[in-house]
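K.L.:
Read off the chains here:
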Amino acid sequence: MIIRLQLIGSGTGTDPYRIDLPTYSGLATNETTGRAFADVPAIDVSPDVAAFVAAYPTVDLTTPLPVPFPQSLANAWAEHLARRYDLGNARWKPVVF
Amino acid sequence: MKVTSYAVARPANYDRNASSVLQVTDTEYTPHGQTNRGTTTVAAGKKLLVESASIFLLTTLAPTVADRCIATIYILSGSTACYVARLDGYASATLYSNRTSGLVGQPTVYAGEQLLALTLDQSTGGRINYNLNVKATLFDS
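Order-wise, the sequence lines are chains P and Z.
Counted from 1, the first sequence has number 20 at position 20 by the numbering used here; the numbering is strictly sequential.
Counted from 1, the second sequence has number 102 at position 102 by the numbering used here; the numbering is strictly sequential.
Pulled out of the complex, with its shape left as it was, chain Z reads as follows (with noise of 0.2 Å):
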């Protein structure tokens, strides 16, 4: 039998010039509005791979009027928002309490699109850390 082509497989994605992506926010926010708090851009040539997110809120500081609370992990592809992982509601008025949400899936997001973490804290006073992590890899598409 005479062999014209062959299948050779493609080397795994972490074996692709894979390199790692850390997107982190672990800071204490008084009340603001929606902010950014990091942003990954996935280009040209490239995919990133989400493998780990997690969001941790603890409040430090009660507020004196307590309103919505939004901390989230999210894909932006053109004007599409695809939440990641969410948190979404009251901010606590009792100090030290905490609210947590995780990964749902394990999304890969390719060239164009954005992977970002967002805040936001309506509430008159108090404080709150915000821990958003993201561990993801970047690597050849």
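Looking at chain P on its own, in the form it has when it is part of the complex (with noise of 0.2 Å):
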């Protein structure tokens, strides 16, 4: 599924703009707002995040979200991707954005 999220990084070798997922694909990006469009699979999204995303759809790469997204589904979508991946310390911490 497709999902606005925060871009990370700061587009050099070491450090390349990325969003903090395990697995995804087609990121588009705006370096000047901080959001990225990204194909993400469906079985990495908790459905409580399928449903925010739902609720509040993207067009762009500029227009802020109506809500912030809540830090419990954050939380919740973190320990999610970690139960899944199950990589030891490994961590993502994805922000909808």
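If you're looking for bench data, these hints aren't it; they were derived computationally from the structure.
Each statement offered as a hint is correct.
Once the Cα atoms are required to be at most 27 Å apart in a straight line, the calculated DSS-like pairs of lysine-lysine come out as:
(1) LYS46/Z to LYS135/Z
(2) LYS93/P to LYS47/Z
(3) LYS47/Z to LYS135/Z
(4) LYS93/P to LYS46/Z
Two chains, two frames, a set of hints: combine them into the complex.
P.N.:
Laid out in structure tokens, this is it:
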């Protein structure tokens, strides 16, 4: 599913622009607003996050969300990813943005 | 003769709860910093066999000043990057000129490792269509 997320990184070789997810493709970025569209596997998205994305559709990489992404959903998504990949201390903290 | 044990062949990888991984970028971008366009992280208990990878770049708007342009598909294991396919050089100032690169070998990516696609264009102006494709099979290790 396509989700608009917070862009991280500085665009350098050691710190490329990316989103904080273990798996995605087709990243379209706006380095100025710090937003990016990515195609994320549905299995990596917890149902409550999918519901939030559906409730607040985004059409561009500039217009802010009408409400900020709740910290409780961010924490739940991070736990969902840590459980699914089960790679020791590896953690991801994606933010719908 | 008493047989106490016997060998049973393991199923082939494509018969071990396998699924396709398609990591595709097919978009035009203006000049930009180094950007990971796609990432596939291999979860615990899984392996990823990379079966096909290709890069195709097409200049769709000539730059004012051509500069370094990179498109690469690589495996990241810890902090070490191993390139699967790579284009690195000056962006073409000629409209509709293209460059291509393809998979070398057929690498297996192990749990905790990542398969990534990265692009960079340091030119001034212009636009390039980046087509980076990976087809891989994810299966139980």
